[in-house]
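Peer 1: Sequence:
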Amino acid sequence: MQAISFCLNGKMAHFRKYYSNSTALSHLVPPVVTIKGIIAGLLGYERDSYYEEFSDKRCKVALCVKSPLKKITQTLNLLKVESLNHLNGAGLNRTQNHTEFVVPKNIQSENICYEVIFYHEDRSVMEKLTAMLCLPSQAYLSQGISVALGSAQCLGWISQGKIVELEKRFSDDAVIAIRSAVALARIEKICLEKENCSNFFKEETITEFDEHRLITEGSRKEILFNLEDTALSLILKQAAPYYVMDAKENIVFLE
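Note that the numbering used here gives residue 73 to position 73 of the sequence shown, counting from 1, and the numbers run on in steps of one.
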């Protein structure tokens, strides 16, 4: 089985939490629906037109944190824009909002980096995405949007696009080193090892919307990941599927 691996990079990210249209809180890692939206935008899909094409039944997403992360809070002036004249901040009713941003641990010398592993059952989708991301240079192509890490002002870029080979396996009672984020429902036991640097974090993700942009049943999941770019030592539930990527690292798709 072949998939596409690429890195989402940036200096700052804001992945707005779904339960309010004005919340200033941010996820630490991009929700699966956000990653699907970025990929659909690169392929030139219109807004809200791709939910069936990118449903959990048709495509899979795994996510790895590749750089140490932290959150900071910045105060933003939010404008109530009712005409073009208000775009310069001259309008009334400005609101100050304390907003969370995700940044690298050392913001001066480092970047945010998430590795995304993406698979789609439609070979034409995979071929188009391969032609756009798996280039000999560090550039990437797009038929639609430029990449942003959540909010439009958090511009980002894609790098290290490549084809990877995945071998599907099923868990037993053995401890497995998993590099990617894992749904809590698939974990039997977490094994802590003193020699490994671990900073576990749990949060919620959404994996798909229906055609009305509503969260589908069962697609709201709690996930576990490590902010220190090291693998999670886990015992997965009996016969839970996982994948060996390029005969080196173990990943689990968020599905």
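Check each hint, because a few of them may be wrong.
[Said to hold, decoys possible] Cβ pair distances, simulated, as ranges: (1) Phe-200 with Glu-165: 22 to 32 angstroms; (2) Arg-220 with Met-1: 19 to 29 angstroms; (3) Ser-137 with Asp-172: 14 to 24 angstroms; (4) Thr-230 with Lys-11: 18 to 28 angstroms; (5) Cys-191 with Ala-247: 19 to 29 angstroms; (6) Lys-237 with Thr-75: 40 to 50 angstroms.
Note that these hints are calculated values from the structure, not bench results.
Every value quoted in this text rests on a predicted model; they were computed, and no experiment measured them.
No residue lacks a Cβ here, since even glycine has one placed at the ideal position from N, Cα and C.
Peer 1: If a hint holds in the structure, say so; if it does not, say that too.
Peer 2: Tested hints:
Separation of Phe-200 from Glu-165 is about 29 angstroms and conforms to the stated range, judged on CB atoms against 22 to 32 angstroms. For the pair Arg-220 and Met-1, the supplied restraint of 19 to 29 angstroms holds, since their beta-carbon distance comes to about 27 angstroms. For Ser-137 and Asp-172, the Cβ-Cβ distance of about 43 angstroms falls outside the hinted range of 14 to 24 angstroms, so the restraint is violated. Between Thr-230 and Lys-11 the C-beta distance comes to about 23 angstroms, which sits within the given range of 18 to 28 angstroms.
A C-beta distance of roughly 23 angstroms is found between Cys-191 and Ala-247, which places it inside the suggested range of 19 to 29 angstroms. Range check, Lys-237 to Thr-75: Cβ separation about 44 angstroms, and the 40 to 50 angstroms hint holds.
When the structure is compared with the earlier hints, a violation turns up for hint 3 alone.
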